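K.L.:
If you use UniProt numbering, the sequence shown closes out at 264, no skipped numbers anywhere.
To be clear, the hints were calculated from the coordinates, so they are not data collected in a lab.
For clarity, every value in this text was computed on a predicted model and none was experimentally measured.
It is possible that part of the hints are untrue.
Below, computed lysine-lysine pairings styled on DSS-like, alpha-carbon distance capped at 27 Å [stated by the list, open to error]:
#1 K138 / K153
#2 K212 / K153
#3 K153 / K234
#4 K188 / K234
#5 K138 / K120
#6 K188 / K89
#7 K153 / K120
#8 K55 / K123
#9 K120 / K234
#10 K101 / K123
#11 K221 / K138
Quick list of the computed label-pair ranges, beta carbon to beta carbon [stated by the list, open to error]:
#12 D127 / Q70: 45 to 51 Å
#13 S99 / E141: 24 to 30 Å
#14 S193 / D125: 26 to 32 Å
#15 Y72 / K212: 45 to 51 Å
#16 L226 / S171: 34 to 40 Å
#17 Q82 / K221: 32 to 38 Å
#18 E241 / L122: 19 to 25 Å
#19 K140 / S48: 26 to 32 Å
#20 E108 / D154: 20 to 26 Å
#21 K65 / Q223: 34 to 40 Å
#22 G102 / N220: 30 to 36 Å
#23 D50 / V77: 22 to 28 Å
#24 Q189 / K221: 43 to 49 Å
#25 S113 / S225: 29 to 35 Å
Yeah, the Cβ is synthetic: ideal placement off N, Cα and C, and Gly gets one too.
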Amino acid sequence: MLDQPLPAEQCTQEDVSSEDEDEEMPEDTEDLDHYEMKEEEPAEGKKSEDDGIGKENLAILEKIKKNQRQDYLNGAVSGSVQATDRLMKELRDIYRSQSFKGGNYAVELVNDSLYDWNVKLLKVDQDSALHNDLQILKEKEGADFILLNFSFKDNFPFDPPFVRVVSPVLSGGYVLGGGAICMELLTKQGWSSAYSIESVIMQISATLVKGKARVQFGANKSQYSLTRAQQSYKSLVQIHEKNETHQNDQITDKLGATPFSTTF
1 MLDQPLPAEQ CTQEDVSSED EDEEMPEDTE DLDHYEMKEE EPAEGKKSED DGIGKENLAI
61 LEKIKKNQRQ DYLNGAVSGS VQATDRLMKE LRDIYRSQSF KGGNYAVELV NDSLYDWNVK
121 LLKVDQDSAL HNDLQILKEK EGADFILLNF SFKDNFPFDP PFVRVVSPVL SGGYVLGGGA
181 ICMELLTKQG WSSAYSIESV IMQISATLVK GKARVQFGAN KSQYSLTRAQ QSYKSLVQIH
241 EKNETHQNDQ ITDKLGATPF STTF
């Protein structure tokens with residue numbers, strides 16, 4: 001299932017409040033172009049898992065393995081075998097991908113944690129207002145990228161990562177208060193364990209542009225935080241679940257049967 005960003009009316013810069021819960025959800029926008037989500041490739045025919053990866057990135061992978069062995073010996077293992085194996089594969093795939101090597105984005109592990117990534121969107125559509133804003137941002141602050149944070153849980157890849165914008169402060173682009181991102185792809189309903197992290201990164205980049213995201217120069221940067229982003233996202237999901245239940249009840253009353261489950 002390809003990602004469908006939630007309606008712009010629900011995705012404002014402000015925190016989602018309880019006052020919005022009674023509002024009827026507008027129709028989803030269907031004319032947005034989306035980055036095609038890539039599924040995991042079969043392992044058949046693959047050569048060495050490190051083929052096509054630069055020395056610097058190979059060193060990072062080796063450091064991760066070393067840290068994991070040390071944690072095991074110290075009895076301080078974190079995460080799950082399932083999530084760790086998948087995240088290592090995702091990181092290898094990214095390191096060998098042309099989009100990564102071409103400078104479209106960069107990935108850095110926070111405190112060497114495989115479960116906490118900072119992702120820099122280094123390139124967006126050059127014809128977009130967001131691209132122009134990033135050029136101005138470079139002149140003002142020396143940074144011309146959008147910094148995202150990906151947080152993974154032990155049950156990845158069966159649950160999506162939690163993704164938020166760290167900087168700069170944006171308006172539009174389906175970005176919620178606190179920096180959370182309003183996309184069905186990042187919900188349990190819209191997520192697929194077959195999606196690759198690179199595809200998610202490129203989808204977010206495209207969605208920011210399609211949603212006409214703009215840099216808010218001079219905005220208070222402290223308004224973006226993990227806690228506030230989680231609160232905004234949780235409130236939004238609750239609103240949509242409530243509206244979905246109400247819509248299903250209406251269909252049941254009309255048809256006299258239980259409708260198929262829908263997603264927002």
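K.L.:
Hints first: check each against the structure and report whether it holds.
P.N.:
Hints, one by one, checked against the model:
1. Distance check on the hinted pair: K138 and K153 sit about 34 Å apart at the alpha-carbon level, beyond 27 Å; violated.
2. Between the alpha carbons of K212 and K153 the distance comes to roughly 30 Å, so the proposed pair goes past 27 Å and is violated.
3. Restraint check for K153 and K234: satisfied, since their Cα atoms lie roughly 16 Å apart, inside the 27 Å limit.
4. Between K188 and K234 the alpha-carbon distance is near 12 Å, which keeps this suggested pair within the 27 Å criterion.
5. Among the hinted pairs, K138 with K120 is consistent with the structure: their alpha-carbon atoms are about 14 Å apart, no more than 27 Å.
6. Restraint check: the Cα-Cα separation between K188 and K89 comes to about 22 Å, which is no more than 27 Å; the hinted pair holds.
7. Simply put, K153 and K120 have alpha-carbon atoms about 21 Å apart, close enough for the 27 Å limit, and the pair holds.
8. A C-alpha spacing of about 24 Å is found between K55 and K123, which places the hinted pair at or below 27 Å, so the restraint holds.
9. In summary, the hint linking K120 to K234 is supported, as the alpha carbons are separated by about 25 Å, within the 27 Å threshold.
10. Of the supplied pair hints, the one linking K101 and K123 holds, its CA atoms being roughly 12 Å apart against a limit of 27 Å.
11. Taken as a hint, the K221 and K138 pair is honoured in the structure, with Cα atoms around 16 Å apart against an allowance of 27 Å.
12. A C-beta distance of roughly 48 Å is found between D127 and Q70, which places it inside the suggested range of 45 to 51 Å.
13. S99 and E141 have their C-beta atoms about 25 Å apart, which keeps the hinted 24 to 30 Å range intact.
14. In this structure, S193 and D125 meet the distance hint of 26 to 32 Å, their C-beta atoms being roughly 29 Å apart.
15. A hinted range of 45 to 51 Å holds for the C-beta pair Y72 and K212, which are about 48 Å apart.
16. For L226 and S171, the hinted distance range of 34 to 40 Å is not satisfied, since their beta carbons lie about 20 Å from each other.
17. Our hint of 32 to 38 Å for Q82 and K221 holds, since their Cβ atoms are close to 36 Å apart.
18. Checked against the hint of 19 to 25 Å, the pair E241 and L122 fails, with Cβ atoms roughly 36 Å apart.
19. At roughly 45 Å, the beta-carbon separation of K140 and S48 lies outside the given 26 to 32 Å, and the hint is violated.
20. About 22 Å separates the C-beta atoms of E108 and D154, a value consistent with the hinted range of 20 to 26 Å.
21. Take K65 and Q223: their Cβ atoms lie about 38 Å apart, and the range 34 to 40 Å holds.
22. Between G102 and N220 the beta carbons are some 34 Å apart, a value that agrees with the proposed interval 30 to 36 Å.
23. For the pair D50 and V77, the supplied restraint of 22 to 28 Å holds, since their beta-carbon distance comes to about 24 Å.
24. The hint said 43 to 49 Å for the Cβ distance between Q189 and K221, and at roughly 31 Å that hint is violated.
25. With their beta carbons about 19 Å apart, S113 and S225 fall outside the hinted range of 29 to 35 Å.
Checked against the numbered hints above, the structure violates hints 1, 2, 16, 18, 19, 24, 25; every other hint is satisfied.
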